[in-house]
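J.: Starting from the structure of chain A, add chains B and C where the hints point.
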Amino acid sequence: MTLFLRLLFRNRLAGFGAVVLGAIVVLAVLTPVLPLHPPNATDTANRFLRPLSEGHWLGTDHLGRDLLSRLLWGTRLSLAVGFAAAVIAAVLGAAIGIVAGYAGGRTDNVTMRGVDMLMAFPYILLALAIVAVLGPGLMNALIAVAVVNIPFFARNIRGVTVSLAHREFVDAARLSGLGHIRILTTEVLPNVVPVIVIAMSTTIGWMILETAGLSFLGLGSQPPQADLGSMLGEARGALITAPHTSVVPGVMILLIVMSINLLGDGVRDALDPRLRSGALARPMPATLVDRPAPPPPTGDGLLRIEGLRTDFRMGKRTGRAVGGVDLALAPGECVGLIGESGSGKSVTALSVMGLVPSPPGVISGGAVRLRGEDLVGAPYARLRALRGNKVAYIFQDPLSTLHPLYTIGEQLAEAIRVHHPVSRADAHARAVQLLDDVRIPNAARRAGAFPHELSGGMRQRVGIAMALANDPDIIIADEPTTALDVTVQAQVLRLLDDLRRSRGLAIVFITHDFGVVAQLCDRVAVMYAGRIVEEGPTEAILAAPAHPYTARLIACVPELGGGRRRLEAIPGLPPAVDALPPGCAFAPRCDRARDACRAGEIALEGATRRVRCLFPVAPPEAAR
Amino acid sequence: MGGYILRRLVSAVPVLIGITVIVFVIMALIPGDPATAILGSYATPENVERLNRHLGLDRPLWQQYFVWVGNLLQGDFGRSFALNRPVLDEILDRFGATLVLAGTAFVLCSVVGIVAGTVSAARQYGFADKAITAAVILGISVPSFFLGMMMILLFAVHLRWLPVSGMYSMFGGGDLADLARHLAMPAIALSLVATGVVARLTRGAMLEVLRQDFIRTARAKGVGEGRVIWAHALRAAMVSVIPVLGIQAGFVLSGAVYIEIVFQWPGVGRMLVDAILRRDILLVQGGVVFIAACYVGFNIVVDVAQAWLDPRIKT
Amino acid sequence: MTLALKTEGLACAFPVGKRLIGPPRALLHAVHSTDLRVHTGETLGIVGESGCGKSTLARMLVGLQPPTGGRIEIEGAALDRADPAAFGRRIQYVFQDPVSSLNPRKTIRQILEVPLRHLHGMGRAARAARIDEIFAAVNLRPEFLDRYPHEFSGGQAQRIGIARALAAAARILILDEPVSALDVSVQAQVLNLLADLKAEFGLTYIFISHDLAVVEAVSDRIAVLYFGAVVEEGPATRVFATPRHPYTRLLADSAPQVGRPLGGEGAGELPDPLDPPPGCAFAGRCARATERCTTQTPRLRALEEDHLAACHHPL
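Chains as they are written, first to last, in the UniProt record's numbering: chain A, 1 to 624; chain B, 1 to 315; chain C, 1 to 315.
Pulled out of the complex, with its shape left as it was, chain A reads as follows (with noise of 0.2 Å):
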């Protein structure tokens, strides 16, 4: 609860919201106790005094009533209607909601007809069309603006609840012997309450603005009672004569639904997680670049990672993802990067050109240098200019990375036109010729299907043809074969080995799987906690690993054909990246770490074969 009050008035906004609101409802609260003239007694002598008039401070309406106490009682009545029908509604509708959701089937689908029916009429028909029924008057307005809303909270409300009741917990709730009422109540509400809570604090103001609304056509209160709508009905009339009486109780309704309006969006913020952190920022088309110097070069060769340094800054944390990696690709090269989740493979794949997401993520340090052209810190248009045209990018899960609303043969021949040149004509011609070169069969047919239409293993061959579309040096593969079934897998593992040799590519292959990097790669890094503990050529790594990481890693891994059998583990695990222990980073796992490993930095040494430990398991010189 402090949590959310915290993250509620981090919101300067909604703090602002909060104390005009604050302030209207204490005022509300005291009208009947305030010094105030009697809010019906009519004095037509005195009818449209100015504001600032001796004895009333707002001015007087047509029949001479002071304004000021005028308002005050109407801006009770608003503010009680508004929320009585926004509780109504969310209650009601709610509860619908929620029953119709988990019911799931016919009870489901019968209700949501139901609710469709209603609100197939614009709401100020069935509005209209229930105060006919139950005549003019404040009440009937409010029921009638609590129903018309019913639909509203019983649509959202179902949603949620029909994807919380296929969520595995209820499952697991539902095994553990609860039935579907405790189910609902204990199990799925506790879900739903914060997104009734935010339903409402986003609606009641418009629920407000409607009670207000059918006042000001005389449907809702009656006179001489007025709420905020029906002064504003009543001064009409006089509007250009004597405006004030229309300002006084407009900008009352301006300020109580603007006010309602920014506390319910700072509620709204608060509750949602997704919000809550943050994570709704729009990545920015390149990751920003805060880094000191670049370092000098160290070498030539078609792609150098030197010192790269790439962190998330959240707030006040920073955590380091990247670490400083230093990793160099040849013409024609491919080279494993492997490792766990959180390790930094994928964001060190995704520094290469700046696709990491900013906010949050930063490069802090380093260079990438492709053919001896820093990349880090280059101008966006250089950046663009080299993307998919000389360093190009497989991504893991084809049915998220390839836009759902465009055919694959639109997606391709946009590739290659945003650096070559050519007609649709020929773009298309090409995109087909592309889709073939990846063995998709019908080619042509298929280069009009959307995404959806392809299985995941044809998808993930578009993918890989859309990064060969400009035959680049350079492909960097982000886990491809991840997403798919152990079949695919080996034909798409396959085919990019065969483009490989065919087409001279350098590819990067991150991947989990050592035994995909033993059949694909000639070389290996091995990541740990955002840092290359050990690198060099596959074979001599998989048949003598010198860091105890690699060497109990690949340990876990069971192999086929081994039987059944007890696995080696690694106790504990891996350091939060915003909470990196000095020295090495696996020391607290490692059976082998003594004081020096937890003391200060471990470089990363070696020629062919690298690795940064100080008490490797097999020494690198046997190996090498």
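It is worth saying that the hints were derived from the structure and are not from the lab. Treat the hints loosely; a few may be bogus.
[Said to hold, decoys possible] Far from chain A, some chain B residues (derived; all Cβ distances over 12 Å): (1) 176; (2) 179; (3) 304.
[Claimed, not checked] Each pair of labels, with its calculated beta carbon distance range: (4) B:134 <-> A:27: 24 to 30 Å; (5) A:103 <-> B:45: 35 to 41 Å; (6) C:27 <-> B:134: 54 to 60 Å.
In this text, all values refer to a predicted model and were calculated from it rather than measured experimentally. Where is the CB? At the ideal position from N, CA and C, for every residue including glycine.
T.: Below, chains B and C without anything else, positioned relative to chain A:
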């Protein structure tokens, strides 16, 4: 696509039936006797009974419903007793005015809202974003009828730029320019709330989409930022914006009721409110069914647009 | 050896394209008639690729998915489908995604109390004692009990999921891809824990995974699923070493292995589940397929005493 449109049209039939049932039931619940209302409280019982028989009100309710729907299908919406003319004629006379007003407001809110929301998301936390966000908060908080009144005060009374009310000038008007001058204030006042809602939603949808993997793919291909935002991201964001446009059309139609009263616009909204206050039931009934049916039709158009945009829906 | 679990003709078909009234447009057979036998104290591994029906099968075994045919017997008694608690006491489930299987708004203690209270009606003190025991058994520190699920890593959350299954005191556990969301170093920890618990409490496991090597390492017997049916079943030591069904052979050859050249000569993917081919579902991808394979569905038959395959031309 043709198959989808056909399926969507067929699925509208039960909705239309539901609408007529709801309207009929609500109107049947209205206390009092229509014949008494028409003839006045001094009518003799014989006259009341004769009129009831004439109107078919002595039959069971379900029969009355079918008679009513049957008449609706033949274009007979009944006769407004207060105006003493066929309901449909009155509706058709006024519907054009509402269509001009609401249609203009709807186009305004869609175009301005989507553009503002997209700019806002593309410049997140920049000056444009802050300015648009502030305008949106103001826009969705101000009652449209109050805004209309203030606009009259400022632009019509003080500055004398635009006419105070009505659809055409009393004398000499009637051409398109005259209509535009009369339309400007009501259309803007009517569109403001919906513009705010659309802008806000577009911004949210864009921010959501911009974090998706396929945006990263587009950037990795080397697609320029302008195209990433206005083609890749906006197209995907429209999938969640279009259904809301359908809902906003309903809100614009609803708001038209207030605006028509504030600006003396001769549309169906004003007609309905007057009819309710006069208890002119057949006119209310006919007006509600007519507008609701138009709205259902519009939502079919929205759904078809959605299906055209998003090929995943049709399958 | 006694039978812990037996299914006869267990099958599940989902209606596709449901209508409000009338039969659905098509039936999707997720699991074809399946006979499984699991002995007490044994681990039966089930492997298959996505879409092979392994999750549907698992959900049927614990009563989360009503089967459309066949029966389930646990320890010799047929299960009452109406009572989920009856399933809960006999057979439990460990979910694939450890985090989403824990209610985000409950503490770990509250989550673990539910089965103790509702399946076994234990009092407060007895519950607290039992929870401490279970928590120690899955190697978690007792101070974790009062934290919320989002504070845990995947491996820890999976231990909590296992603890919940243990709390129900069922003797059979269905492990549905229990380690596929975990990193390899943590995966090994959890697999070893599962082995220890099995020995300590005398459990019976059905271990479902797509990872051949993991299944082989933990199972006594393995069943290979393809397109909703068991195509091969046999001792873990032989199924992948000397496969009899061509599909099993393809799977084994496709698994990336250190010290083996790339596989991937085979082409083709799963057939369309809404339009299944006649005969053997694998025939389209099989080099050994004959005309018989495309007309006649092969039945699962014993090729050796304990090694079964559904193939007309076994290897």
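J.: Using the beta carbons of residue 134 of chain B and residue 27 of chain A, state whether their distance is inside 24 to 30 Å or not.
T.: Roughly 25 Å apart at Cβ, these two residues keep to the hinted range, so it holds.
J.: Quick check: does the Cβ-Cβ distance between residue 27 of chain C and residue 134 of chain B fall within 54 to 60 Å?
T.: Holds: the Cβ-Cβ distance is about 56 Å, inside 54 to 60 Å.
J.: Is the Cβ of residue 176 of chain B farther than 12 Å from every Cβ of chain A?
T.: holds (27 Å)
J.: Check the non-interface label on residue 179 of chain B: least C-beta distance to chain A beyond 12 Å or not.
T.: holds (23 Å)
J.: Does residue 304 of chain B sit more than 12 Å from chain A, CB to CB?
T.: Fine: 16 Å to the nearest Cβ keeps residue 304 of chain B off the interface.
J.: Within 35 to 41 Å: is that where the Cβ-Cβ distance between residue 103 of chain A and residue 45 of chain B falls?
T.: violated (51 Å)
Checked against the numbered hints given earlier, the structure breaks only hint 5 and satisfies all the rest.
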